[in-house]
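Respectively, the protein sequence lines represent chains A and Y. Residue numbers for the first sequence follow numbering that gives the first Met the number 0, beginning at 0 and rising by one. Residue numbers for the second sequence follow numbering that gives the first Met the number 0, beginning at 0 and rising by one.
What the hints contain is simulated information worked out from the structure, not anything from laboratory work. Treat the hints loosely; a few may be bogus.
Stated by the list, open to error - Subject to a maximum C-alpha distance of 27 Å in a straight line, what follows is the list of computed DSSO-like cross-link-like pairs (lysine-lysine):
| # | chain 1 | residue 1 | chain 2 | residue 2 |
| --- | --- | --- | --- | --- |
| 1 | Y | K52 | A | K115 |
| 2 | A | K27 | Y | K23 |
| 3 | Y | K52 | A | K119 |
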Amino acid sequence: MADKTKVGKEYAPIRWEVERGKIAEFAKAIGDPNPIYLDRQAAIREGYKDTPAPPTFLTVPMMWSSSMPGVITDLAINFMMVLHGEEEYEYYRQIYPGDILTGIPRVASIEEKTSKAGRKMDMVTIEILYTDQMNEKVAKARSLLVERK
Amino acid sequence: MSLYFEEISVGYEIPKLVKGPLHKLQHVIYAGASGDFNPLHTDDDFARAVGMKDGVITHGMLIMGFVGQAITAWIPRRDLRRFTVRFAGMTRPGNTITITGRVVDKRTRDGENLITCEVVAVDEQGDVKVSGSFDASLPSKG
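Extracted from the complex, chain Y is given alone in its bound form (with noise of 0.2 Å):
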């Protein structure tokens, strides 16, 4: 299935993705396929130790992964052509993720059919963890 560049238009908002609520057996899991083995994620003892008076943080990445999710069930992957992010709020085990984005631009050039999307993840209190945008290339009904 493919979304053509003639659907979409500047404010079209991309299905929104619910993730969670997050648990802490999902950072190890996570830590293993990643190989980010930050004990911050992972051991409480050790997240408070530095500062964390809640224990582990969630691997910021993993945020960035679950946006990468919304946006590939949205478009197909080969159509992604740039993808970043900022992270802005901690996230913890508990939290409930909720990804939403539109359309904010769309311009041909170089023969490419491109749109540019913002992105933002929030926890259920509308705290913004991770915000951020990507580029895509759409293919033509033409």
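With the rest of the complex left out, here is chain A (with noise of 0.2 Å):
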């Protein structure tokens, strides 16, 4: 089960240069066909300054620089058993080719629930605080992680 203990602690921060290459192809990927993020003219026609970063993106640095598996390895939860629950971004301010993003983990909290079905289970919730080279706030994601027992 989850360390509940190490609520409160910080992990190694994600570093990540955004290309406007990888932004074209997380659109791609998901086969979305909005020019925003695929065209830097057809961006700046519509008042960007560069293609932003879809919705979802900060799931690459995330993923990419793999520090995932080390803060539920650090909170002692059984991968096998670990799902998905609930993923959350608020936003700040658009994500551009260029910049240089410094993403905090931390563990928000940790709290055991039991299903519908008697099963326990802990819901971890892990925050990510991205801020840029201008030590600006960029934008915010919470993953919720269900451990289930």
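Since each chain sits alone in its own frame, please combine them into the complex, following the hints.
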């Protein structure tokens, strides 16, 4: 079961340089034809300074940095029993090519719940606050991991 | 093109988006783009070994990405303030996903004109895969 003494703990920062090609690749992988993600000129015509990152793009630095396995291991969560229950993003400004993001993962909460079927679960919420090269807040990602016991 | 706060009322339905049918190749493409290489999404033998008798399941975050596509096809990307989903059910290759949503609240707070919308992604049987909501700050005609 998840180690409740680690609520509030912060982990090593995720550092990620945002590239135009990666934004376009991510939009294409979703199959999103919105030209603002694919074409800089189209984005500028729509009032953006470059191709903005799609709404779920922050999964890219999180997954490519492989930070979550370390967090899960440190929290003594059983990998085989963990499900991704919820995901939330709060957006403070657009993410553009050239941005250098720093994300600090933090254990926001760990709560024990009992399912309708009577099964005990730990609900672990990990928050990652992303700032940019100017040290301004860009977005916050919140992931709820459910560990079945 | 912008949507104006005055044009939107509670109950307004956002344009429906249909995605799919999903193919295993899209899982591989999404794995590479996102960096989520969990073989549960790309390797049938692995998926069966961990109890998925029909093989691989789709990345939940890909379905959230579909919902994000539906949202920013409707409102400009810059207007999105918050986006949250709950992963309710597993999606598999062959599923066709339909995303719908509607405005459930509208308010002005600290000079921002905010709407809240509920969104849901279902398969061809109507089974819910992802449900969630988002807040957007819309410009005013005023």
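*Sort out whether K23 of chain Y lies within 27 Å of K27 of chain A, counting only the CA atoms.*
holds, 15 Å
*Verify the proposed pairing of K52 of chain Y with K119 of chain A, using a straight-line Cα cut of 27 Å.*
holds, 25 Å
*asked:* For K52 of chain Y and K115 of chain A, compute the direct alpha-carbon distance and say whether it is at most 27 Å.
replied: holds, 25 Å
Violated hints: none; the structure is consistent with every hint.
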